[in-house]
Each structure stands twice: as C-alpha cells, then as structure tokens.
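Undergrad: Here are the chains, one letter per residue:
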Amino acid sequence: MPSLIFRTHLKTSPTRFKSTPFRLANSGVFKRLPRFIFSLMLAVSLPSLAQSPSDFNQALDLLRQGSIQDREAAIEQLAIEPQSLNLLQALQDGKLFELKAEAKLVIAQESNAGYQLSDALSSAALGEVDRSAVSKINLNNKLRGNLRKLIGQLQLNANDADVRLTAVKAISKEADNKVLALLRQRLSIETAPTVKQAIEQILLLQDMDSADKAVRIDAINQLKSHDSQDVVNRLQAMTEQNSDGEFQEADSDIRNLAAAALSNIQARIQAYAAIETVFFGLSLGAVLVLSAIGLAITFGVMGIINMAHGELMMLGAYSTYVMQQLLPNHLGLALIISIPVAFLVSALVGVAIERGIIRFLYGRPLETLLATFGVSLFLQQTVRSIFSPLNRSVATPSWLSGSWQINDFLSLTWNRFYILVFCLLVFTALLQILKRTKLGLEVRAVAQNRGMARAMGIPTAKVDAMTFGLGSGIAGVAGVALSQITNVGPNLGQAYIVDSFMVVVFGGVGNLFGTLVAGFTLGIANKFLEPYAGAVLAKILVLVFIILFIQKRPRGLFPQKGRAAEA
Amino acid sequence: MKLSNPLRKLALTTALSSLLLTGSAFAEDTIKVGVLHSLSGTMAISETTLKDTMLMLIDEQNKKGGLLGKKLEAVVVDPASNWPLFAEKARELLTKDKVASIFGCWTSVSRKSVLPVVEELNGLLFYPVQYEGEESSKNVFYTGAAPNQQAIPAVDYLMNDLKVQRWVLAGTDYVYPRTTNKILEAYLKSKGVPAKDIMINYTPFGHSDWQSIVSDIKKFGSAGKKTAVVSTINGDANIPFYKELGNQGVSAEQIPVIAFSVGEEELSGMDTKPLVGHLAAWNYFMSVDSTKNAAFINQWKDYIKNPKRVTNDPMEAHYIGFNMWVKAVEKAGTTDPDAVQKAIIGVEYPNLTGGTSKMLPNHHISKPVLIGEIQGDGQFVTVWQTNKLVDGDAWSDFLPESKPIIADWTAPISCGNFNTKTKKCSGQNYK
Numbered sequence: 128m129p130s131l132i133f134r135t136h137l138k139t140s141p142t143r144f145k146s147t148p149f150r151l152a153n154s155g156v157f158k159r160l161p162r163f164i165f166s167l168m169l170a171v172s173l174p175s176l177a178q179s180p181s182d183f184n185q186a187l188d189l190l191r192q193g194s195i196q197d198r199e200a201a202i203e204q205l206a207i208e209p210q211s212l213n214l215l216q217a218l219q220d221g222k223l224f225e226l227k228a229e230a231k232l233v234i235a236q237e238s239n240a241g242y243q244l245s246d247a248l249s250s251a252a253l254g255e256v257d258r259s260a261v262s263k264i265n266l267n268n269k270l271r272g273n274l275r276k277l278i279g280q281l282q283l284n285a286n287d288a289d290v291r292l293t294a295v296k297a298i299s300k301e302a303d304n305k306v307l308a309l310l311r312q313r314l315s316i317e318t319a320p321t322v323k324q325a326i327e328q329i330l331l332l333q334d335m336d337s338a339d340k341a342v343r344i345d346a347i348n349q350l351k352s353h354d355s356q357d358v359v360n361r362l363q364a365m366t367e368q369n370s371d372g373e374f375q376e377a378d379s380d381i382r383n384l385a386a387a388a389l390s391n392i393q394a395r396i397q398a399y400a401a402i403e404t405v406f407f408g409l410s411l412g413a414v415l416v417l418s419a420i421g422l423a424i425t426f427g428v429m430g431i432i433n434m435a436h437g438e439l440m441m442l443g444a445y446s447t448y449v450m451q452q453l454l455p456n457h458l459g460l461a462l463i464i465s466i467p468v469a470f471l472v473s474a475l476v477g478v479a480i481e482r483g484i485i486r487f488l489y490g491r492p493l494e495t496l497l498a499t500f501g502v503s504l505f506l507q508q509t510v511r512s513i514f515s516p517l518n519r520s521v522a523t524p525s526w527l528s529g530s531w532q533i534n535d536f537l538s539l540t541w542n543r544f545y546i547l548v549f550c551l552l553v554f555t556a557l558l559q560i561l562k563r564t565k566l567g568l569e570v571r572a573v574a575q576n577r578g579m580a581r582a583m584g585i586p587t588a589k590v591d592a593m594t595f596g597l598g599s600g601i602a603g604v605a606g607v608a609l610s611q612i613t614n615v616g617p618n619l620g621q622a623y624i625v626d627s628f629m630v631v632v633f634g635g636v637g638n639l640f641g642t643l644v645a646g647f648t649l650g651i652a653n654k655f656l657e658p659y660a661g662a663v664l665a666k667i668l669v670l671v672f673i674i675l676f677i678q679k680r681p682r683g684l685f686p687q688k689g690r691a692a693e694a
Numbered sequence: 424m425k426l427s428n429p430l431r432k433l434a435l436t437t438a439l440s441s442l443l444l445t446g447s448a449f450a451e452d453t454i455k456v457g458v459l460h461s462l463s464g465t466m467a468i469s470e471t472t473l474k475d476t477m478l479m480l481i482d483e484q485n486k487k488g489g490l491l492g493k494k495l496e497a498v499v500v501d502p503a504s505n506w507p508l509f510a511e512k513a514r515e516l517l518t519k520d521k522v523a524s525i526f527g528c529w530t531s532v533s534r535k536s537v538l539p540v541v542e543e544l545n546g547l548l549f550y551p552v553q554y555e556g557e558e559s560s561k562n563v564f565y566t567g568a569a570p571n572q573q574a575i576p577a578v579d580y581l582m583n584d585l586k587v588q589r590w591v592l593a594g595t596d597y598v599y600p601r602t603t604n605k606i607l608e609a610y611l612k613s614k615g616v617p618a619k620d621i622m623i624n625y626t627p628f629g630h631s632d633w634q635s636i637v638s639d640i641k642k643f644g645s646a647g648k649k650t651a652v653v654s655t656i657n658g659d660a661n662i663p664f665y666k667e668l669g670n671q672g673v674s675a676e677q678i679p680v681i682a683f684s685v686g687e688e689e690l691s692g693m694d695t696k697p698l699v700g701h702l703a704a705w706n707y708f709m710s711v712d713s714t715k716n717a718a719f720i721n722q723w724k725d726y727i728k729n730p731k732r733v734t735n736d737p738m739e740a741h742y743i744g745f746n747m748w749v750k751a752v753e754k755a756g757t758t759d760p761d762a763v764q765k766a767i768i769g770v771e772y773p774n775l776t777g778g779t780s781k782m783l784p785n786h787h788i789s790k791p792v793l794i795g796e797i798q799g800d801g802q803f804v805t806v807w808q809t810n811k812l813v814d815g816d817a818w819s820d821f822l823p824e825s826k827p828i829i830a831d832w833t834a835p836i837s838c839g840n841f842n843t844k845t846k847k848c849s850g851q852n853y854k
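Sequence lines, in order, name chains D and C. Counting along the first sequence from 1, when you hit position 535 you're at 662 in the working numbering, and nothing is skipped either side. Counting along the second sequence from 1, when you hit position 393 you're at 816 in the working numbering, and nothing is skipped either side.
Simulated from the structure, these hints should not be mistaken for lab results. Backbone N, C-alpha and C fix where the C-beta goes; we use that ideal spot for every residue, glycine too. Don't take each hint at face value.
Every beta carbon over 12 Å from chain C, so not counted as near; a handful from chain D, in silico [stated by the list, open to error]: (1) D303; (2) Q328; (3) L496; (4) V663.
As a list, the in silico DSS-like pairs of lysine-lysine whose alpha-carbon atoms are at most 30 Å apart [stated by the list, open to error]: (5) K269(D) with K648(C); (6) K296(D) with K648(C); (7) K263(D) with K619(C); (8) K648(C) with K351(D); (9) K351(D) with K811(C); (10) K642(C) with K263(D); (11) K300(D) with K521(C); (12) K455(C) with K222(D); (13) K300(D) with K728(C); (14) K276(D) with K641(C); (15) K276(D) with K728(C); (16) K276(D) with K724(C).
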C-alpha cells in the first residue's frame, strides 16, 4: 500500500486578507457603491454588533473565493450577523452563486433561460443572467453539517414553530454551554408544545450528567416516555460494560433505572418496527398489484400470455418522462397529466398489438407467448433507439419526496404512501368499469362464454381489442407510479414481468380481488422474511412458497367457480 | 463507421451478424481492432458509451496517420449482455476477423467468460472497468482500478478524514461486490474494527424495493457512532437506493454513502437531488481541471455531437489502454501478441488527471485515486486525492490466501500467480 497523504487545496494566501480593501475597490462591488454604503451603515447602526463591517465583508469575500477550509471560517464569521441567515440558507440549498462579472455573491433561482438573481443579503432582485455568468459556491459534508448548526442557532427564534423545531434538532447534537444557554432562554418563552418537548429533552439529557443523584433519577424517569434515538443511545451507553468489565455508569441504582427505562422504550420500538414492516409490505404489495392488475385483465380475463406487459409499463414511465420534458417547471402537474397520457399511449399500443398480432393467435398460447416476447424485445429496442440506452431522469415533485416523521423510530415515506393510495384508486376504478359499464358487461360476457356472447350480438372481436387495450392502459398507468420509485430505462419492464405473473397466478386467474389479495400477501410476506433471510433469500423463499402453493391449489387463492371455470 | 443510423442499431441487436460494419474489401491493408461491448440488453446502458469511445479513439488515431503505416479498422460486435455470447464473440473476433487486440467487457463475469478464449487463442484483451482483483492473465491488461486503487483508499478516507467507526458494506449479489467486500472486511478487521460494527448486505440485480434495507441502515447508523455505507451496488439498483435514502431522511452528513459504481454517466440518468453530498471513489472525474481532460471532453462532445454528454472513468481507462497499446505496437514494430505483451510492460502514457500512468509487470496500471462528492449538476467535486499514482495490485494483501501471491509477466517469473513462499507458479487456480 502506497502512502496516502491528504492534499490540501490551499489556494488562498495570507496576502489576500491584507489586500481586501483594494480588491473591493477594483471589483464590481465598487459599482454597487450605494448599496454597499447602505449595508455598511446598516451594519454600523446595529447595536449588537460584535465585529467590524470589514470583517463581515472579508468573510463574504472568503466564502466567494476561498478554499473549502476558508469557507468554514467564513461561515462561522457570517453566522454572527443575523442578516446573513438568508445567505447561509441559500448556501445550504445550493442556491448561492458568484456573479463572475461583478465578483459578488448572489442567490440564483433556476429559470427557463438561465438564472433569476437576487442580492444575497438584501434579497433585492437583480434580473436574469445566462448560466455561464455565475458559478456555484460548492460545499462538502462537513461544511453542510456546520451550516445546519449555525442556521439552527439563527433560526431558534423564528416565527414558524416547524422552523424552530428543525432548528432545535439541528443544534441538539454536541450541544455546548453556549447552545444550552440559548435553548434555556428559548424554553422560557416557548409556546409550541412540540418545540418545548424537544428542548426539554435536550436539557434532560444534560441533566443525566448532573452531580445531583435526584436530578438524574428524575431525568431518567421523565425520558422514559420519550421516543427518541438520542435517549436510547444515552441509556444504552449507561448500561454497557467497557472492555475491562466495568460498567460505564458506576452508580448501580441509576444503572438499573436506566436499564428499566431502556426496556420500556425498546418494547415500544418493537411495536413501531412491526408497524413499519407492515407498511413496507403493503407498499411493496401496492407496487406488485399495480404492475399485475393490467395483466389480471389480459391474462386473467382473456387468457393471453402477454410477455410485452412489462414493456407497456415501460411506455407509461417514458410518457411521464416526456411530459416532464414538456412541462419542466410544473413537475407535479406533469406527473398528474401523465396518468391519462400514459393510459392512452399504452392502450393504443396494446390495441395495435392485439389487432396486429394476437388476434391471429387466439387459442395458441405457445405462439402467443413467443410473439409477444418478440414484441417486448422490439419495444425495448425502439425505446433504446429513440431515448438512448441510458436511464432517463424523472424528477420527483416535492410533495412526493420525504417522509412523514411520526417519531425517531417510525416514519412513513410519502411516495410509498401515495402509491398505496393510487393503487387502491386504480383498483376501484377498474372494478367499477368492469361492473358498471357496458364495456365491462361485454368483457365479462365474452370471458364467460365467447360463443354465447357472439350469439347475443356482442361484437367479440371489438371487445377483445378493447379489453386488451384496457389492460395495457392500466399497465401504462402503473408505469407512471413506477417512474417515481425506480429507473426509467429500457429494462424497466423486464424487472416486473415475472412478479406480475406470479401475483396473477397466485391470486387465481380471472379474479381481480385475488390479484389484490395476492399482491399484498406476497408484499408483506417478503418484507417480514427480509430481515431474517436477506433480500436475495427472501425472494427465493417466496418463489418456493408459490411453487408449493400452486402444486396444492393449481387455480390459485380464489379459483373461478361454475361453468366459466371449465371453459 | 458511425452507428448513428437507428436501423443499424436495431440490426445489430439481432446479434446475427458480427460483420455488419466491416468493409471486408479493405481487410488486407488495415489493422483490425475488436470492440466487444454490449449494445443491447441490461449492460447496454454502460457499454454503448465505451463502444463509442473506442470508435472515437480509433478515428483519431487514423487521422494521425494510423499505426505502422496502416489504417486501423474497428470491428464492432454485440455480445448482448449475454455472458456465454461474450466468449463466442471473442472467438469470432480472434479467429474469423483476426483482430490485433480486443477492447471490451464490463462485468467481471463477462471477462471471466472471455478469459479462456483469449488465453487459448493468444489474443489481447484490454479491460477498462474497476474490478475485484485476484486475477492476472498473460493475455489481459487491466486498465480499470484494482481494489487497492479504489476500495481501500476510499475506506482509508472515511476512516481518517470522516472518522467513521461503523460500516455498512452493501452490494449487489455477484462476484465483484462479494470479493471486494471480503477484502474490505478483512482490511477493516485488521484496522481493529469489531465485527459488530460491520454490517454486510447483498441484494439481487436491479433491486428496487429498498425500504427495509434503508430502514436497517438507518437503525444501524443511529447508535451514536459515525456510520458510512460502502456501496458496491451495481448500476440500475442505485437510483431507487438513493431515492429511498433521501425519502427516509438519511442525509449525506449523517450517513455518507461511498459508491464504486456510480459515475457521471449513471448520474446523468438520475434525479440528483437526493444524492448531493454522497461520495464516489474513482480514478478520474470529468470535473478534473487539466488541459488534457478539457481537450478530451471537447473531442468527445464533438464526436458524439451532443454537448450534454459526459465522460467517465472507464472511458479514461480505454483512452489510456488504447494509447498504451498503440505505443507498444510502435515499439515492437508489429501487432504480434507476444511481441506486444513484451513491449507494453513499462510503457507510460499521460492520463487525463495530470499524471503519467504506467503499464506494470502485473498487467495493471498505475492510477491516482480520487474521492468526490456528488453535486446537484451530476458532477463530482474532488474532496480528496492521493498525492501520487497508486500501483495496481492484482492479488490483495488483505486476504490471507492471496497475500503471498504476486503477478509478474517479466522474466524470470513470467507468471500471473506466483507464490513467493513456495516459489511456485500455479495456473489460474492458486490454491
């Protein structure tokens, strides 16, 4: 192993500090003299001023031009001034840029032509510039961590309770005396219960180090009811032995109390973990149901083994991509519009496949399988030729990202939550179409007895095309949902085709409810197995289970009964 | 010789004919170079770019007057991400087309499939992708990173600079992640990391449901010690993984993920918001500021006629490998494989990051190691790099069974796996 030595990127020299006034005069700040003087006056007029304005400007300069290490010092310096909150937040969000021509910091918002600029300190609009006119102020993880803390300190007295809560959480790690004093001060005037609780918890954790035993016991008793990872870690540390076999916590009363409190919290953690696993299972199940439900129509009701089903989903996902390209500034809207668009695109392709290929192959399952497999390869390569073999980036709108943080141990991700809801909506809609519309009636009639249906005057050929189109359209809609959780690329379909067949066969061919129950059952089973068996083995176990199940009940969970079953 | 016509691409994928693009009429006056990259199937996403890179390099060499007074001619075949087909196509290239050397393969399993063919027919294969090591063939030149040029420095960086104490080794379930993680586990343990602070997790190819695993990582990482994920997760599975990390609120500051398979090309297909701040270890970044790199990027954008296309690490590996081969052929005065094998050892060529890479006697090359943080625009900012080039080590020093093994293709050893203890040269199987 050759030796690895950290190479520092120290580009700044000490002379830069000394020459700052000249640099300012030479640079574009001079052109903005009125504003410069104004901010200077503003700074001077502030009574709480702890530093001279030239320090502040030096820090700004350092942030703009310095190395990563210089920036660290610069943000510390800037954070003393409450007026830099806006600037620091922009830095954290990656929106702080250097306007090259004027050598100054600006906040830039992406727009169609380039960037919409505003002043970093005063937020005054500065017009629009080309992309090449600005360059971004880069950060690394250490800086981001520091920034989060500094912003937290500045935001501790913000008006919005949610902002205060984030601020409290940001500064809670490695809280020093200065931070604790700030927190105590805030607690005395805090009104929002969530923020109050968060601050109290930090202070209680501090109390555990107290010299007074009664204070410590009181702190543990109070913390027992808090669902917090910090509390668990702290209590855990108290009950652990070090390498010499000595307990970290010398006092056995406190230790036993801590152990009892820990088991109290851990019982709750287990309950949360079970809820979480069920949610994971349901959301995996929702994805399975969504991808299988279209197949439940084409395979289940019509009996066509459609190997191109996955590619129809892929087309739906690409429709989402295209819609987002057409509406780059309305990602959420584009996603919603792409639901009907994907339905139409996939349905049309489906009808074309049915009219062009499958209708000549009714009653010949093996040939249908081969032909549709060919279609799937054809569709994949078409997409590869049009969109390139690379994956396409489909953005997630903000309301679909993030999670609903119930406490430290339980959080439900929004995208999965919405997909679960979406899955149930699609299922209900499909059920209503089959039950209440004329098409649905005809579909069911043809599925039950083709000859009789034709005798009754139902145009079976047209119904076949419509049914296949419906199933394909649903696959396209599933593709829209998949675009939010997985890659949009030519291989998207292949990843889901086996799962889809698995769900339909397990649920019972020709039964929509079977598909629903089967999808959720397999999802939950998979998620309960995963922690014990690992992702690879869990999947194998589920497949083995299905093979055994099909041996026992070849017609799946909910077999069709009556005359239709024999047809 | 461009594949701009989509119909041609379609025709290629049928994989019926490997000779679509070769003009057999000129066969006598040219030196043929085989390009063995998947243009269809799962791996097309990564390998198509390398095929285009090779065509660009060959094109450029021809503009410079070719090689040994002859023009170079690319023979492009499509092994369609099908591992046995790689062997068949390699055989076809060597026996039917009589190519002077082959540039190709991406996955380790495809290289392992081609290996017996190039050894049997005495061909030359330049392999441009980072891999798990534990191999050195007389006929293969490894221009990608060995574990000591990527994984080990990455772990060192996390341990020394980020003070990481708990480790999640997450990978896709196949040979590269399994071997790399075996080496890393041994390395971490040698550094005094207890077994309970290492979590190893494997997932199937293209895994898309990361909920439970990310939740486990979150729990593992919230025990109060700084935690990092070392990811050998392959290609497609990465996007859902990072998305899930973002959604469950795991930020790069709390639990950084360092990836060995996520480069600029992969990032161009991702919504990079949830990835910002996560790390990657490579030997090349597109963002590296050097005149050679700027020229290469411009050349690539001009060639591919798309100003948005990016460059990545395996492209640089092909760039170095191809130019080293050219130099070796010029030095030997012939394309004869035996002569080129002798001539290429010790050949130096400037890489794109400002250093000069050298072909070592073990058929690996020396490279710098760079660690970068992912930025919102899909590029990396270098946060750490080795102060000099690192020599590729074929046999890991951290696995007890391969510790005494070395590879040296110069006399007197001339062996890919020479046991320094028993002084014996065994075949591919060193045990």
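Undergrad: Now tell me, hint by hint, if it's right for this structure.
TA: Tested hints:
1. D303: 18 Å, holds
2. Q328: 15 Å, holds
3. L496: Check passes; 20 Å lies beyond 12 Å.
4. V663: 5 Å, violated
5. K269(D) with K648(C): 16 Å, holds
6. K296(D) with K648(C): 18 Å, holds
7. K263(D) with K619(C): Not satisfied, since the Cα-Cα distance of roughly 41 Å exceeds 30 Å.
8. K648(C) with K351(D): The hint holds at about 22 Å.
9. K351(D) with K811(C): Distance ~54 Å between K351(D) and K811(C) Cα, so the pair is violated.
10. K642(C) with K263(D): 34 Å, violated
11. K300(D) with K521(C): 65 Å, violated
12. K455(C) with K222(D): 51 Å, violated
13. K300(D) with K728(C): Given that 30 Å is the threshold and the Cα spacing comes to 50 Å, the pair is violated.
14. K276(D) with K641(C): 21 Å, holds
15. K276(D) with K728(C): 46 Å, violated
16. K276(D) with K724(C): Judged against 30 Å, a Cα distance of about 42 Å means the pair is violated.
When the structure is compared with the earlier hints, violations turn up for hints 4, 7, 9, 10, 11, 12, 13, 15, 16 and for no others.
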